[in-house]
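J.: These are the residues of each chain, in order.
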Amino acid sequence: MPPTCIHTVVLTVFFPLWLLWPIPGPLRMDAVAAADGSFYDDLDVAVVLGYRAGLRIRRALLTVRGRVEKRPFGGSPPGRRPNRDRNFDLGAHSIMRDYFGVGGEPPVYSERDFEKRNRMPRAVFKRLYTAVRNEPWWRRSINATGRLQSYPIQKLLAALRVLGYGEPYDRPDEYCRLSPSTIAEATRCLTNFIVDKWEATYLLRPTEDELKHILTRNAARGMPGCIGSIDCTHWLWLKCPKALAAQYHDRKGKRSVVVESICNEDTYIWHFFIGAPGSYNDMNVLACSPLMLDVNAGVWPPRNISYTLNGRTRRLL
Amino acid sequence: MPHSNSVTPKRRVYNRLQQAVRKDAERLYAVMPSRFNINLRPARFTTVLRMMNNGKAVAILHNMAIECTRGEFLAQRRMNAAAEVRQAVADLQGQRQGPGNEESGCGSRQGRPATARAASERQPAFFIDNGPRGPGVWGPPQPAEHEAQDGMVETGTEQDVVPGSLRYTDGAECEAKDRDAHFALLQDLSEHIFADRGRLMLPYS
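For the protein sequence lines, the chains are A and B, in the order given. This note's numbering puts the first residue of the first sequence at 1, with every later residue one more than the last. This note's numbering puts the first residue of the second sequence at 1001, with every later residue one more than the last.
Just so you know, not all the hints are guaranteed correct.
Restraint ranges, calculated between C-beta atoms of paired labels, are given here [claimed, not checked]:
| no. | chain 1 | residue 1 | chain 2 | residue 2 | range |
| --- | --- | --- | --- | --- | --- |
| 1 | B | Ser1004 | A | Asn284 | 18 to 24 Å |
| 2 | B | Ala1083 | A | Pro107 | 36 to 42 Å |
| 3 | B | Val1162 | A | Cys288 | 55 to 61 Å |
| 4 | B | Val1085 | A | Gln149 | 49 to 55 Å |
| 5 | A | Leu293 | B | Val1085 | 38 to 44 Å |
| 6 | A | Asn304 | B | Ala1181 | 14 to 20 Å |
| 7 | B | Ser1165 | A | Asp282 | 27 to 33 Å |
| 8 | B | Val1162 | A | Gln247 | 34 to 40 Å |
| 9 | B | Ala1083 | A | Gln247 | 49 to 55 Å |
| 10 | A | Glu185 | B | His1003 | 51 to 57 Å |
| 11 | B | Ser1004 | A | Ala243 | 38 to 44 Å |
Treat the hints as calculated values from the structure; they're not laboratory data. Note that beta-carbon positions come from the ideal geometry of N, C-alpha and C, so glycine has one too.
Construct all of the structure, not just a fragment, from the sequences and the given hints.
T.: So, in structure tokens, the structure goes:
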């Protein structure tokens, strides 16, 4: 018998008897029957009884303590600092005052400043805003304490500042009045939203009409049959995981991801392929790009367009 | 692809024009990161997926801004409409004053459509060929040489090549990676460019 049990027995002797009452009948009968048995039988029964009583006490104590110390709903864990009162109204008001005009007054900054700061014309910004405004995450919501949350224009402007200036998430806090975690979330949501909604519109291969247009323009430049210029570049990846370090190790000794794109002379991109590891050279990237796969499979470009060069007529590949 | 060994004037002219045309791809990688600076910084994302999303989003925003400022691709319908209007105006003026002053009508803001139109009048930049294809789907059109003889079953004529089948993809890949076709194209381009604007672009020697 382990010595810890003896300790429990000694304790049970002095505990009030009401703790023992729900003991089932057979056991108590056994205890009575064992009472005139040997010493060891007595001890066994006492150990069992004592152990049960101890469990009961411990459970009762835990319940009482839990009722006192633990609240039924989560709440903030102890030790966390309270949320800063960032004054969302102030942020939204200053944005509206600076770039859109409040109360019939003209905006503080001109159109040129708007384009310079937000890196895009006003029409594009408005288009983004109207697309994003009523989305679930962007909509102005009420939190659990019943307070109104931030405005969609704050989140949008903060995310665009991060994209446009390459700032850390902490930086637009001073102007847009949002916490860094919200700004990080806004950037993530904005990029996902844009890619989901507009990838099929803007990063698509040209249709037949657009191909004719491109061919006409390039023929006027002196290059008939040219449908764009292709180039690759590397985008440095600072936080590359160690597991991927070997693949993404580029020829400069850094970790990077290769970007391949085809554009026309207005730098309008109609093919954009990112994600090839930095150890690839341009030929490898071209070989694994979805465009080249389609060209090799005969899916694209359309076969019915041809052009004449030096007296010979060829199809677009 | 430029000529690797540009010794003759034709090759040098071709290389100059090719470098000039190639500049827009190189300009892209200066314009896009300077517009959206996050591409200029080393990426601090932890997964490739987020990097891809970010790069794509930046490219889409760039395209939207370009479309707004330069009016490409989606503005093509408007350009066509404007060309029709211009044509109608020219017809009207032709009826009034006689032929000769077509280009005096409303010009475009950047003057590009007029150039493109002039070029397309000089020599069409492309042809649309939707007619029935000869047997050699992937080669130049050849006359049909198979003729059904008595008791012979025609098998595997080129007409049977279904898009997506193995023969189709094999033929397409062979055509796309044809080395001789590449050099023939290079040669033809050089000839064409030298004849077209050789005198203008011949470098000083």
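J.: Each hint needs a verdict: does it hold in this structure or not?
T.: So, going through the hints one by one against the coordinates:
no. : hint                                  : in the structure
1   : Ser1004(B) with Asn284(A): 18 to 24 Å : 21 Å, holds
2   : Ala1083(B) with Pro107(A): 36 to 42 Å : 38 Å, holds
3   : Val1162(B) with Cys288(A): 55 to 61 Å : 26 Å, violated
4   : Val1085(B) with Gln149(A): 49 to 55 Å : 51 Å, holds
5   : Leu293(A) with Val1085(B): 38 to 44 Å : 42 Å, holds
6   : Asn304(A) with Ala1181(B): 14 to 20 Å : 18 Å, holds
7   : Ser1165(B) with Asp282(A): 27 to 33 Å : 31 Å, holds
8   : Val1162(B) with Gln247(A): 34 to 40 Å : 38 Å, holds
9   : Ala1083(B) with Gln247(A): 49 to 55 Å : 50 Å, holds
10  : Glu185(A) with His1003(B): 51 to 57 Å : 52 Å, holds
11  : Ser1004(B) with Ala243(A): 38 to 44 Å : 40 Å, holds
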